[in-house]
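Peer 1: Protein chains in written order, with the numbering used here: chain A, 12 to 498; chain B, 446 to 942; chain C, 112 to 606.
If you are wondering where the hints come from, they were derived from the structure by calculation, not from laboratory data. Each hint should be verified, as a subset may be incorrect.
Claimed, not checked - Computed footprint of chain A on chain C; a stretch qualifies when at least three of its residues, placed anywhere within it, have a C-beta under 8 Å from a C-beta of chain A: (1) 170–177; (2) 246–254; (3) 260–270; (4) 277–287.
Here the structure is a predicted model, which means the values were calculated and not measured. Cβ atoms here follow ideal geometry from the backbone N, Cα and C, with glycine treated the same way.
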Amino acid sequence: MILLVILIPIAAGALISLVPFKKRVYMELFLETLVIINSLLVGYLLLHRSSDIFTLVNFTGNLSISFKVDGMSMVFAGLVSALWPMATLYAFEYMTKEEHEKIFFTFYTMTYGVTLGISLAANLLTMYFFYELLTLITVPLVMHTLTREAILASRKYLYYSLGGAAFAFIGLIFIIIYGSTTDFVLGGVLDLDKIGDRTNILLLIYVIAFMGFGVKAAVCPFNSWLPDAGVAPTPVTALLHAVAVVKSGAFAAIRLTYYSFGTDFLRGTWAQDVLMIIVMFTIVYGCSRAVKETHIKRRLAYSTISNLSYILFGVTIMTPLGMVGALTHLVFHAFMKISSFFCAGAIMHQTGKHYVHELDGMGYKMPCVFGVFTVSALALMGVPGLAGFVSKWNLASAAVESGSRTACAGIGCLLISALLTAIYMLTIVIRAFFPAKDYDVSSLEGIRDPNWKMLIPLLIFTGNIILFGLWSGPIVKFFSGVASGTY
Amino acid sequence: MDFVQNFPAVSILMCLFAGIISSGMKKRSARYISMGLIVAVTVLSLCTLLYILKTGQAFVYVMGKFPAPWGNEIRAGVLEAFMAFFFCVIMFLSLEGGRKKLADEVEEGKTFLYYVLSDLLLSSLLALVYTNDLFTAYVFVEINTIAACGLIMIRQNGRTIKASARYMIMSLLGSGLFLMGLCMLYDLTGHLLMSNIKEQAALIYASGEYRIPLLIVIALMSVGLAIKSALFPFHAWLPDAYGYSTVSSAAILSSLVSKGYIFLLIKIIYRVIGFDIFNSSKIINVLFIFGLMGMIFGSLSAIRENDVRRMISFSSVAQIGYIYMGIGMGTQAGIGASVFHILSHAATKSLLFIAAIGLTDVSGGSRKFIELTGAAYRNKWAGAAFTVGSLSMVGVPMFSGFISKLLFAQAAVQNNVKMLPALIVLGISTVLNAIYFMKTVIRIYTPVDDGKYDSIRFKDMKSYTVILICFILLNVILGVSSQPVVDLIDQGLAMFS
Amino acid sequence: MYYVLSIFFPILAGIYLLVRKEMKDRKNLLITVAAALAITAVFVVFTFFFADPRMFTLFNLTDRLPVLFKVDEVSIVFSVMAVLVFLCAGVFSFAYMKHEETDESYIREKRYYGFYLIVFGVVIALCFAGNLITFYLFFEMLTLSSVPLVLHNGSREAVMAGLKYLFYSLSGAYMSLFGLYFIERYGNTLTFSEGGVISVQAAASHGGILLLTAMLMLVGFGVKAGMFPMHAWLPTAHPVAPAPASAILSAVIVKVGVLAVIRVVYYIFGVSFLKGTWVQTVWMTLTLLTVFMGSMLAYREPVLKKRLAYSTVSQLSYILFGFSVMNAGSVTGGLLHVLCHGFIKAALFLCAGAVIYMTGKTRVEELRGIGKEMPLLIWCYTIASLGLIGIPPTGGFISKWYLAEGALSSGIMGFNWIGPVILLVSALLTAGYLLPVTIYGFFPGADYDYGNLKKKEPSRLMTIPVLVLTVLSVLMGLFPEGIIDYLSHIVIKIM
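Here chain A stands alone, though its shape is the one from the complex:
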């Protein structure tokens, strides 16, 4: 069953390029149906999960490829399977203007399976395997347009990711050697007897491995691949570079910290402080770069960098509350960012404009898109009543609760970043709705909101953002359950 949900998308992706569809509509139907079915299966799997570990292959000794559904998997797999059908729907519309559709959908759908693989992995090795696979399978998506820029970007992406994985690999080795098992166990698997006096080395390795996984989560100084990868078609940038891929990095960091090394071992050490400072720096750095950027998608990409580090900040707090914060932001940010990226994509699709300064007055022509964008902007800023506030609140109260000075300084970073977020997001909104007085309206003639395939996902995301903002109780409670190990 677990294997099925991973394989269906991969097989479906492979089929697309093999089967000659008569019409585009058939392909759309075929894909959308499969993706939805798969999401339903995932839903079923998560709700009726068994606590057994399903082992696929045994490598050497205690190393195996195996799967299991635990709380963390529920969060991430649930998130991914909720977003994918919508993103696919959106992509159908968006890709009408791009070439090589089939190749695109092949890899796009395969990625779904691989991402699920990451989320359902039962041990570090399996996760590592799918993590590498994810890199490889998404490269063609980045490369899609085949311009020189795209190829350079995909190369950069590839080098960064594989390089990061290489260092994360070192962490894997240490867990194999010093852990009692490589399976994910909340609280960590390190065997303290085996460590003896080598605590510092282990901490160093933890930092290295964290940064290794952090490459995908675009931690400074390994962040420059993310904005460059924005040359990919928007559905890719939105879903992969705001959700699946980068969140995999964050997810892996959570697994590494909470489920492998264990917070008891790490809390209060220099490793925690070092990572926290790096992450805090990234938070501010990402935002400041976003303010400077004028290309919409690159701006959003920088914003992603900063927001990912929010999640990692939650991770580095290393308390259950910190994990709750990280999870909340992991999920909520996915909705907010995918929504804003889709808006950017819709703008580009409908008007062909890429830069912020070209957006004057468009708010009146595309009210839905910009309305949605405004909501996501406000949510990203953390305006109360929207999703972003809740996750920030959880992060910050975790930081306060942890009592660490660095964490308190981190709150400051969060708030500075919130301000910068306001700057880079609201300037877009203001431009769109309050064009300069002498603006020539006629140049916008013919621009309209996109059709339903694009709007439906947008509206659903917006609905979710508001819903989470106003009524986050149950979901946050679920996260606390995950963090305390009841799930």
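With chain A's structure known, arrange chains B and C on it following the hints.
Peer 2: For chains B and C alone, kept in the frame of chain A given last:
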């Protein structure tokens, strides 16, 4: 004595005679003899392996009737038999995969010579693997060198001649050093058989005398073999030799010849000098550091390279660095990892060479990167194979390279001092590997639609494709079910002492 | 229930206006707005009397963060002021917005009223907010919904000013959010309660960090109230808005900053926790600095609306100074000045708006003889100015009296005399920057060309709101007893 115990000696002799016979044969039959021979040796080695596994211990086979310490012995353990088996497989695949190219590149009248040389090479490799006698080892090292030179030179153009001359000089330097080491060792111990030397060496070491001569012996032998196996910084001969010779030669040289020397070195460590004595010498650190440097600089040179074949050659330098790093780690696990890497690198590198040739062929024969754009669409299987090879080199799970990386890293963790440098260099070198291999993969998958070159269809290259698939399978098998292989290696290493 | 009505009715009305495609008839639009304003005012009054459960939880943002409303005396003081000013400015804008309008479907005017109503609702929500999180929620919404008012005319200057306003306000909000996190952790509750919510143990164990957050929150909320060092947005943003919007901004919205400070100091941290700490000292210094600096800058400023904006900076810090001294007299004075300044500054801005509307003149030196042209308006202006300067019998005199007296009797070394002195100097400066309009207006000098004099008294829609506000400010001075009683009632509770 069981009948099977004759097999190692028989296979060596068979190879020698096959070489002699086929030199008088016509071109076609030389090939058939050669191929038949390899298959036969494969079977024999397999039988030997199974036999040893059954009996659970190594056996010694005395050539002629002279008992030790004068005689000439062959020793077969799990690892030896397995290596022989594996070498044959790779040899077969490499020869077969490069056959077409060979016909293009070598003069009609000379092809049979190629098979003669390869028979000789195989015999020398087998001898290196099996021998229990240092002097025999030396003799076959020389035969090996000469055969290898021939393999390089057989494609006659200026570059290969220069390359083979260079190879010859470096190799002879290496064998010279090895010979000097051998002489000194003989002086010290009075023996040539490995087992006997080891006993004596242990006594000498224990008595505390001749410390420095012993050290020099170790140094001479290690450096000699290191030169021959192209350890950084003695790798200058390698890129030309691999890069310009015909593809089978490149594949065989990179995956077998240099590995044969390394295997000999490992044997010397275990069976001649003694693991502990070797460990306590400083030479091991030198090997370790050279290994690390090789990992980095080999990859850096590969990144700078603009020629696919030479790039793969430079990557060999890096991979050999891995192996020496494993040896230099000074732990059982490290050597085990090295042995595994010998296997996985042999499987991967010959795959890469063979696949690269398929790609360059559909790109007008040019090996420049720019011409390779889109080559993977013109020759789909070669593209896929190259990708698999690259992924394995980068160390993506499910492929053999990942397992060797895993083993190296696990071995590294057991050594307090060498752990961090080893791990960090391992990480960096992975990144570097990723850079040049992935660059190539992206390049060959970047479509072009100018239609400059024709694509090639499956029909036109059946055997070539089958070979590629075999290589891919080999890689994946090593990557997925590595546990039996690792067990074999451990068992074999245990049998060494 | 009344809470919901009085808060969400105007907000929804505003959203309705924004969403609605077009309005062909301007009259309809105005009637809608007027009705919405009036109905809201009624609801607010009802809320004072009939909101039965004195604490109303709307819903829970998260488990521990309820959004709740309640009415206490402070809410009443602020909401009364807000409602009155909103009504007057609303009526004023019916006339004023006519000349800003160019396109037929009144999109821009509709937008203006839409946001005007939303801001109204949000301000009322802020007055009624029962805990810090609710307050913060609406505080952010206030910023966001009032930015469009600043942006209204769409010029480059306006956009820049709007952005400046936005970012200053948001950074202030985030600074206070920082504190909010800590209070949630170390306080007993987030609900406003007289005397503070900081638990004794927390105050003992985490006093340092709590004081730091208190300071941050003061500065953060102080941004809205234009307190130094985060005052720079105010003189930029207020003048570019349409005059009635400036009146709202200067009279009401900045008062929300004051309200925030009151809530934080007297209802969250508590006087006993803050009194005598470095926070109080720094705060007092900042306010006094702002009082002086605001007046000086206003004195040097030639453009009337900007001058008024600087004056707001200075006057608001009068109020804040009153609260920073933390004794009965000064707090009473502060609260009184909230009312006074609300009415007066609204009146002044509306006057300036009317002048611009009728003559298009913006600089003070252009206004020679203006008193002859529109005597009623300038009389109102003069009376209001006198109030701001603090000349009896206007309301300003009373409030300043209490402020000064409170400071004198505070017994805080240094500040007990520096404070009153600065207040006095600033009052002189106030006279210096406000009265020239009156003087030049009525006494244009010998070379004034009386021949061209035309009566330009604006329409009644404009004069009446100004008149009402002026009268209110005078009435406060004439009959202060009732109000002072009421205020001292509050003071006793919270001190």
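Peer 1: Check whether three or more residues of the stretch 170–177 of chain C sit with their beta carbon closer than 8 Å to a beta carbon of chain A.
Peer 2: holds (count 6)
Peer 1: Within the assertion that chain A covers the stretch 260–270 of chain C, do at least three residues meet a Cβ-to-Cβ distance smaller than 8 Å?
Peer 2: With 6 residues in contact (Cβ-Cβ under 8 Å with chain A), the coverage given for the stretch 260–270 of chain C holds.
Peer 1: If you look at each residue in the stretch 277–287 of chain C, do at least three have a Cβ nearer than 8 Å to any Cβ of chain A?
Peer 2: Coverage by chain A holds for the stretch 277–287 of chain C (6 residues, Cβ < 8 Å).
Peer 1: Taking 8 Å as the C-beta cutoff, is the stated coverage of the stretch 246–254 of chain C by chain A satisfied by three or more residues?
Peer 2: Coverage by chain A holds here, the residue count being 4 at a Cβ distance below 8 Å.
Violated hints: none; the structure is consistent with every hint.
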